[in-house]
Amino acid sequence: MNKNSSNTMALAPNTSNKRETVCIFGTGDFGRALGHKMIQSGYPVVYGSRSTQISNLIPKDAEVLGHTEAAQKASIIIIAIQRQHYNFLTPLAEVLHGKVLVDISNNLKLNQYPESNAEYLAQLLPGSKVVKGFNTVSAWALQSGTLDASRQVFVCGDDVEAKQMVMNIVRALSLTPVDKGSLLAAQEIENYPLQLFPMWKLPIFLSLGLTVFFFLYCLVLDVICTYIYEKNNFAFFIAIAIPNRVCPVVALILLALVYLPGIFAAIIQLYRGTKYRRFPDWLDKWMLCRKQLGLIALAFASLHVVFTLVTPLRAFVSWRTGKGIISQALNNKTEPLNYTNAWISDSYLALGILGYFLFVLLGITSLPSVSNNVNWREFRFVQSKLGYLSLILCTAHTLVYGGKWFLSPSAYKWYLPNIYILSLIVPCAVLVVKFVLIIPCIDKPLVKIRQGWERNPKYSE
Amino acid sequence: MNKNSSNTMALAPNTSNKRETVCIFGTGDFGRALGHKMIQSGYPVVYGSRSTQISNLIPKDAEVLGHTEAAQKASIIIIAIQRQHYNFLTPLAEVLHGKVLVDISNNLKLNQYPESNAEYLAQLLPGSKVVKGFNTVSAWALQSGTLDASRQVFVCGDDVEAKQMVMNIVRALSLTPVDKGSLLAAQEIENYPLQLFPMWKLPIFLSLGLTVFFFLYCLVLDVICTYIYEKNNFAFFIAIAIPNRVCPVVALILLALVYLPGIFAAIIQLYRGTKYRRFPDWLDKWMLCRKQLGLIALAFASLHVVFTLVTPLRAFVSWRTGKGIISQALNNKTEPLNYTNAWISDSYLALGILGYFLFVLLGITSLPSVSNNVNWREFRFVQSKLGYLSLILCTAHTLVYGGKWFLSPSAYKWYLPNIYILSLIVPCAVLVVKFVLIIPCIDKPLVKIRQGWERNPKYSE
Amino acid sequence: MNKNSSNTMALAPNTSNKRETVCIFGTGDFGRALGHKMIQSGYPVVYGSRSTQISNLIPKDAEVLGHTEAAQKASIIIIAIQRQHYNFLTPLAEVLHGKVLVDISNNLKLNQYPESNAEYLAQLLPGSKVVKGFNTVSAWALQSGTLDASRQVFVCGDDVEAKQMVMNIVRALSLTPVDKGSLLAAQEIENYPLQLFPMWKLPIFLSLGLTVFFFLYCLVLDVICTYIYEKNNFAFFIAIAIPNRVCPVVALILLALVYLPGIFAAIIQLYRGTKYRRFPDWLDKWMLCRKQLGLIALAFASLHVVFTLVTPLRAFVSWRTGKGIISQALNNKTEPLNYTNAWISDSYLALGILGYFLFVLLGITSLPSVSNNVNWREFRFVQSKLGYLSLILCTAHTLVYGGKWFLSPSAYKWYLPNIYILSLIVPCAVLVVKFVLIIPCIDKPLVKIRQGWERNPKYSE
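Chains as they are written, first to last, in full-length UniProt numbering: chain A, 1 to 461; chain B, 1 to 461; chain C, 1 to 461.
For reference, chain A alone in the conformation it holds in the complex (with noise of 0.2 Å):
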């Protein structure tokens, strides 16, 4: 079969009779995955490798023949080696010209070299197609059939139908291609398996941040201050007390953020009199981890919930509950039922559960497999108006608690302001600005805005 009537063949792949041949250099953990699953479905898979002695590891039904030979039968090649070896590909370049080169190579670290692996490979026999793809799947997963992480293999290259050719083979494994472009997409192809939830990080650092600051400064005020002027040790408080004074802080805290930056591309917006400049780099960066502050804000609120409700069992309150009642039962006493108290906590009780469930339900909407049911408007009915309800309901229940000591001196040990008070200024502040941008004298040229009408006209060229 000359190099000629294999190329043929796989340019028709709908119309050819059999699939075509596909060749692997390379019988390592993923050569050896790959070929068994391209069996399975149906491909003739033959491997080129230096040593054709056959190994029991190769999938039986595999051709197993010399590199030149190997290729030569084949117009897909999957070079299943590292790096490294790449340039003993060179003398093969007359063979390999016109055929798919697939690259799967995976870095050890991000960026590790200038250029991206498929760009070298392509750089290295410039007659190949080169083609990007399947460095996001792992030999186990191929192996074991069980792709718990994901399905979907990314897949770019400079030649549309070599690329073509390949999300073909992709989808007959049952795998989801998916087009990033050309090849200059195949730095952050080869970059997505080694990172670590990189949108994460920002929102993270952020909570943990905020976390270590409150943490702190309850640690002083509650337990350094009282044990220092009341000589008792509360020391047992960081275990939960402290934890549940941060955790709804810093929830309610990272809730208002993400509703401060539209707030800010709203006035930015007006400001200009256009949408169609860009935002300053910060903005842009902080609306794409919304989501994610907002799924952090989420945890430190389930958080709060649960260190809340297991009040009940702690040592110290049944000491503390205990210890009322026998003082009031030793003066021989009942005290009247404070109708105010009874008021103030059923309400907060009763203003936090409903914002958390507003929250717990944006958390649901934001699963992939639930927005994926939702049209635009709804997801944005959700997101927008059920958020802004959760973090007003949220933060009704923070100062309805914390009301009555706002002006209570008490509240200001050490001339330090009490914790839920510094709680309460972003998110008081975004929804003080949303109110004021809802007004329809402010809220109408703003929708213009955003329906593409300019001001000064002269931002758009």
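In short, the hints are calculated from the structure, not lab data.
Keep in mind that a hint or two might mislead.
Because identical chains cannot be distinguished in the list, a pair is counted as satisfied if it fits within a single copy or across any two copies.
[To be verified] In the DSS-like style, the derived pairs of lysine-lysine whose C-alpha atoms are separated by at most 25 Å in a straight line are:
1. Lys323 with Lys60
2. Lys323 with Lys231
3. Lys275 with Lys231
4. Lys285 with Lys333
5. Lys444 with Lys385
6. Lys385 with Lys291
7. Lys448 with Lys275
8. Lys323 with Lys448
9. Lys60 with Lys285
10. Lys275 with Lys323
11. Lys413 with Lys73
12. Lys333 with Lys323
13. Lys201 with Lys385
14. Lys323 with Lys73
15. Lys413 with Lys448
16. Lys448 with Lys109
17. Lys60 with Lys275
18. Lys413 with Lys291
19. Lys333 with Lys231
20. Lys404 with Lys448
21. Lys109 with Lys444
22. Lys201 with Lys323
We have chain A; now place chains B and C onto it with these hints.
Relative to chain A, chains B and C alone:
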């Protein structure tokens, strides 16, 4: 390049060496965003515009020409202009003849025009092949790449081949095309992004109605009645105590309403002796919104759980508990443990927890990504068997909780039954009829009918 | 239209101007539903039936002909009849020669026949190309459009081109084809819709066994033993108190069992000095059901959380608390706060909350739609690192909770250890061995082995 050759190219997208040129009429937000995305995916893009001066908002690498010249360059033309301006296309009828026109327009209101925009376009240009599509995707989502809402692109059109070409583009942009059939479906597709949870409307109104009714019912019985007869102002009950009575009642009734239509369907099939006649319309509608009813019931049940768990944190409850203990202490006696009470309290709590647990399982199984991973037998097992078990447990929970008050006259203030007595009517009716239906002598003919057997075959013609 | 031309048409689905005609043998429920859906998607449909009289159940726009005439009109024939009647197809062998036959049948029992229905069909008609498919979709789902359960259509067949044609139809119906290889896979595909959570069987039986064992153990120690020695009838403990001891124990053991097979695998690999030998069968099976084990453990842990949170609502607990306070009041003294108790109670609550929180995170990450959006590094980070952290926290929670009783003789009623002492055996063993395995001098060779290094290369041949 003449028209014929560009058409030929388009007819064979898989065998062409390059992706075919796409023309976009209109340089508005969506036109630009779509063009940008297409260039990324390897399509040459040419814009058709009145003013051909280069704007810096148009993606670079895109050509901008007059409408006629642009249309001649491509076989697919995306009409990114508003319906009001469609009639400017009529002079271009000749150059657009035989071309694929993609109508991506949306309206501002449901059913704004008598015919859909795509059908209107097809009437204006009878020689072109109109395909509806892309209207469910937002410009912002295309630009930012964060397709949190639907990746599904609904496509419809009368020409199968033209539709196929558009669906290939959709796939190339990493979106999921969904074929909705002929151009008659355009109205539905245009209405889709304007909908706000259409399947949820009925269940939400129903549950809101039930909530308001039971809330007022409780308000009258628990607050107003107590105030008139006992001069106690328990107005703060409206924050937690009354919601915590209303939520479980609404949840239980809604859960029973999920299984009621199945009961009706079985009775109707038994009565008619065939399954080959349509159910009445109201029953069809009811059956299609069972999932939504169930999820709202779950939301109410979850609120009930949280409202119940915060009980010990309420100032009123602490006061009441303290009062009881102090009165015992002042009388110098300790009441012995009431074993019956201990049994009842532990039983209804355990029944409620297990019922709620199964209910949450049902909710998780109805997540799209989970239900996609089970087969029909498993889905029906969970939704039917476990669902009924959950209904039985929740009904038993209510019966055990309120059992002792059924015959007590104090439960009938103002001759009105207590709220949980009302809540038991529908669930008990559903369970009783279901138990009758699974008696073998009734179940057997039902199974036969559902397998296609007919008592009076005349119905089937 | 002769046979050849229809075949030619089918060979080039992408270049034909119309969708090819599909023939359906059989007018039962599924045949009608499938035909209806196909007509919606633009396929001309012709039914092959014994009686060609028009029934009003057959979708209009569909033609009804005799079997031979119908088969001649199409190159794809869907066999919507039951296996028992397949032999009536043998006389049609000539007209079916070269056609694609789609076997959509299901059986009533697993492995009902020695060979699959599709293989039986292929034996009867050796000249036809048999493809298995569509059997996982229900008629009702096709009709109502509410595909809540799986949209996946498993397809297998020996002829690659025929399979491709069927997969194109599947895609056109907005379903997802999954290629399962040659016709040998038909048995598996036919068994699929009859399965009831096959992966869950072992974990469910295991957890039920553990639950029953520990329930009886607690019943004997806490209820029967107390009744015999102290004459206290605490039978109501079986509603909440005992389940709340059993649930955490089973949850902790199951969570440890998730990580135990990984430990075994590491030891086996270290011992063998290679990763290229299969693990024993029991270990393979165990490793494949780790996700299910973990989710069941999460369910038990959730029950434990709710059971614990309702504690203050129990009549028995209120009575016990009241009794303690009254006895203090009657003795005219207030016990001082026991700082050690306060520390222990707050610590184990906090450890439990954090452990459960991480556990819930693991559960959310294992949702298919979430795990599809993370890469392998992220998935393994969450499932391995966070999983071990959760196991450590939960074990510490149990240790701190029960720590003081370890050496107390009262914890050994009837010489039997208390239940939480039993629960700690497996988790502590897993954690200790894991800590040994991550010591550098042991971890290093393990990493090398997992990268493909072999101590005794003879194993690899």
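Results of checking the hints against the structure:
1. Lys323 with Lys60: neither (78 Å within a copy, 76 Å between copies)
2. Lys323 with Lys231: The answer is within: 19 Å in one copy meets 25 Å, while 31 Å across copies does not.
3. Lys275 with Lys231: neither (60 Å within a copy, 61 Å between copies)
4. Lys285 with Lys333: neither (62 Å within a copy, 62 Å between copies)
5. Lys444 with Lys385: within (18 Å within a copy, 51 Å between copies)
6. Lys385 with Lys291: Classified as both: same-chain Cα gap 15 Å, cross-chain 24 Å, threshold 25 Å.
7. Lys448 with Lys275: Within one copy only: 10 Å inside, 55 Å across.
8. Lys323 with Lys448: Cα proximity of lysine 323 and lysine 448: none, with 63 Å in one copy and 62 Å across.
9. Lys60 with Lys285: between (51 Å within a copy, 24 Å between copies)
10. Lys275 with Lys323: So lysine 275 and lysine 323 fail the 25 Å test inside a copy (63 Å) and across (64 Å) alike.
11. Lys413 with Lys73: Neither. Shortest intra-copy (81 Å) and inter-copy (76 Å) distances fail the 25 Å Cα cut-off.
12. Lys333 with Lys323: Classified as both: same-chain Cα gap 14 Å, cross-chain 10 Å, threshold 25 Å.
13. Lys201 with Lys385: between (27 Å within a copy, 17 Å between copies)
14. Lys323 with Lys73: neither (87 Å within a copy, 87 Å between copies)
15. Lys413 with Lys448: Neither: 50 Å inside a copy, 58 Å across copies.
16. Lys448 with Lys109: between (47 Å within a copy, 18 Å between copies)
17. Lys60 with Lys275: The answer is between: 19 Å across copies meets 25 Å, while 61 Å in one copy does not.
18. Lys413 with Lys291: Classified as neither: same-chain Cα gap 36 Å, cross-chain 50 Å, threshold 25 Å.
19. Lys333 with Lys231: between (30 Å within a copy, 22 Å between copies)
20. Lys404 with Lys448: So lysine 404 and lysine 448 fail the 25 Å test inside a copy (43 Å) and across (63 Å) alike.
21. Lys109 with Lys444: between (50 Å within a copy, 19 Å between copies)
22. Lys201 with Lys323: The answer is neither: 47 Å in one copy and 52 Å across copies each exceed 25 Å.
Hints 1, 3, 4, 8, 10, 11, 14, 15, 18, 20, 22, counting from the list given before, are not met by this structure.
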